[in-house]
Amino acid sequence: MGGLAAAGGTAICAGAAPAQIASHGGGHQMAARASEGMAAPMPAMGHGAMMTVGDVDNTANGFDPTDMLTDWDTGTVSVLPDGRTLRTFEMAAEDRDIEIAPGITFPAWTYNGRVPGPALRAKEGERLRIVFRNYASHPHSIHFHGIHAARMDGVPGAGMVDPGDEFVYEFDAKPFGCHLYHCHAMPLRRHIHKGMYGAFVIDPDPERHPDQIDVARSRLIGTPENAGWQELVMVMNAFDTNFDAENEFYAVNTVAHAFMKRPIRIVKSKPVRIYLINVIEFDPINSFHLHANFFDYYDQGTTLTPTLRTVDLITQCQAQRGILEFTFAEHEPGLYMFHPHQTEFTELGWVGMFDVVEALA
Amino acid sequence: MNETLPRAAIRAAKTNLVWLALPLIALAIAVAWILSADPLSGFRNGAPPVENLTFERTVLDDSGLRLFVRAGGSEPMTVAQVQVDDAYWQFTQDPPGPIARGKAAWLSLPFPWMLGEAHALKVVTNTGATFAHDIAVAVPTPQATAGQLRLQALVGIIVGIVPVAVGLMFYPLLRGVGQAGMAFLLSLTIGLLAFLLIDASAEALELASQAAAIFQGPVMVVLAGLGSFLLLMAIGRRGGVPTGLALSTYIALGIGLHNLGEGLAIGAAFAAGSAGLGTFLVLGFALHNVTEGIGIAAPILKQRPSLWVFVGLTLLAGGPAVIGMWLGSLATSAQWSALALAIGAGAILQVIVEVSAYLMRQSGKRIEVLLTPPVMSGLVAGVAFMYVTAAVVKI
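One line per chain: the protein sequences are D and U, in this order.
Going by our numbering, the first residue of the first sequence is number 744, and it counts up by one from there.
Going by our numbering, the first residue of the second sequence is number 22, and it counts up by one from there.
Calculated from the structure, these hints are not laboratory results.
Some hints here could point you the wrong way.
As the list claims (entries may be wrong) - Chain D stretches covered by chain U per the calculated footprint, using a threshold of three residues with CB under 8 Å from any CB of chain U:
1) 845 to 855
2) 1013 to 1025
3) 1087 to 1095
Said to hold, decoys possible - If you only want the chain U side, here are some residues facing chain D, beta carbon under 10 Å, derived:
4) Gly85
5) Phe112
6) Leu130
7) Lys143
Claimed, not checked - Facing chain D, according to a computed beta carbon distance under 10 Å, are these residues of chain U, among others:
8) Val105
9) Gly123
10) Ala126
11) Phe132
12) Thr146
13) Gln324
14) Ser327
15) Phe331
16) Gly333
17) Ser384
Given the structure is predicted, the values throughout are model-derived calculations rather than measurements.
Glycine included, C-beta positions come from ideal geometry on N, C-alpha and C.
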């Protein structure tokens, strides 16, 4: 009878839908439909309809993807007996339900209650101390990408923290660059996918780079040279909500479509620097493509000269990261899109707009 | 039993009343305890509620896609987002808000679907659970226009009414058959009905498996089938054993109910956008169903019914195909088609029993008649003919 049913449908359709013969080309299809007395494409069928419905409650979440772009955690600073700077960060692991897309709750594991965790920023050569407390339900750690002793590695046996316990990671800030940290408890994939990752940026010390002192100063937060830049931290992430090892939502800073609904304001005259980090789970590669513009790229951010010049697309494997520099100075104001050029990721939420304006209102 | 005093009888009645009340009181206490003390709380482990979503209807038209989804979770479900072909699309829900267990809602998406292509739909709930539904071939869903209804009626007539009428047209020829011929025709009828019984039951179970869990598909099919069988047996045997025109009418009714289910399924497939290959399939159905007419004619070969009786029998057996087409294409869900087919299967079983009984009475040989060559060849011929002609229309 299944056959019967399908056959019946067929017979009718064979009479009623001659356009079925012509079967390729979207434009043709729509034209064919229109000529059959069906409506032409509706205005609502344009790009605007391809979007999640509703808005995420940032207040309830306790974090806002837009604020995260510029929200650096520089810790607290003190001076060691030998005169060096000691920078201390406080980190805590906690279980937390977060809204990753409008109406969708994800049972996340977080650093400091947010996904991604705080964007840590230090200066090359400083002593770093990270006090980590585990208020969550599973053992967690912080594994920093950088240079440090084995004892500070954040892997099982070296800084793994049981629920209720505390550990202090201590090491020197090197090398300068755009790094990341993440939990290294097992199973690794689950701990990272659940939200335990964040940006870890070490600014170059200009005094150590006399040949490129201006470039180094422009990178060092707090300098007048740095203030001339618009710096953004973007952590590319994704969420598998139904445990099938494929992501349902892709984003930068967690919330799908956040920067489509609220484009990122860019002042035309100031250059843009993006600290871009890929922590996407389940997909081997992520990418960043900028519309109507090109940028210089510093792979891992560990050099002061670009490793790629004048490109409009870079790809990053998981845990790969880098610094993008570009300007809209010569552009007319308007909305400029950015997204990965994996169209699937784009259509599942990882897409946004730069709103280039003459000056901030 | 010895005679007892009235007083003793009253006492016995009182005792019975107590024995009736006691278990009921115990049950009431148990229910009250479960509701108040919540002894099941120990099993709650923070796991998210079990969710279940069934796609009952998909409508494709010039405003995009519409999905009729039914919630079957342990708690009300909230549709948070909808993907089409791995992209999120804006949608509206009617009625809005969480969908209660067993309730359904329409989701409307302004999606520019492509004629003749496949689309994959995915509903994401607030817990992040996903429910997928594929549109194998996107074609516009028929509208309830007069033209469409006429077209469907035409197909319904071709697959339902025409073959029955053609079968009944053998009537004058069949009147000439002798005792053995008659036995052959009746067993042919049983054979074809047996095929329809298996076919309808299998299809009902398959449709039931696509329905929301709350309808308990297989149980519903079995109970509806048995129920209709028993009901029709009771009605049929009310004035004695059905013979002649009465028996023909039951055969026509059974086949009609089967054709209704068949029409529902065809209409639903049509509405769901299932598309295949051509007119020869409809002709295949027609050929397949011709035997039904012969079966209906068999019990009235010794009577001389008026032409109107034949018209009535034809409409009773074939007409429901048209009604089924309409209902199926306009508004139905898997569980209703399954229910109709199950009722049809029950009716067919009743007819098989009655025709078998008639055959035994006719021959006067009781059960042994089933082992005679004309009957055995008739059974085989009936099943084989249906099987072979069904093969033509299977895709």
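Structure versus earlier hints - violations, ascending order = Checked against the structure, the hints that fail are numbers 2, 9, 10, 13, 14, 15, 16 and 17, while the rest are satisfied.
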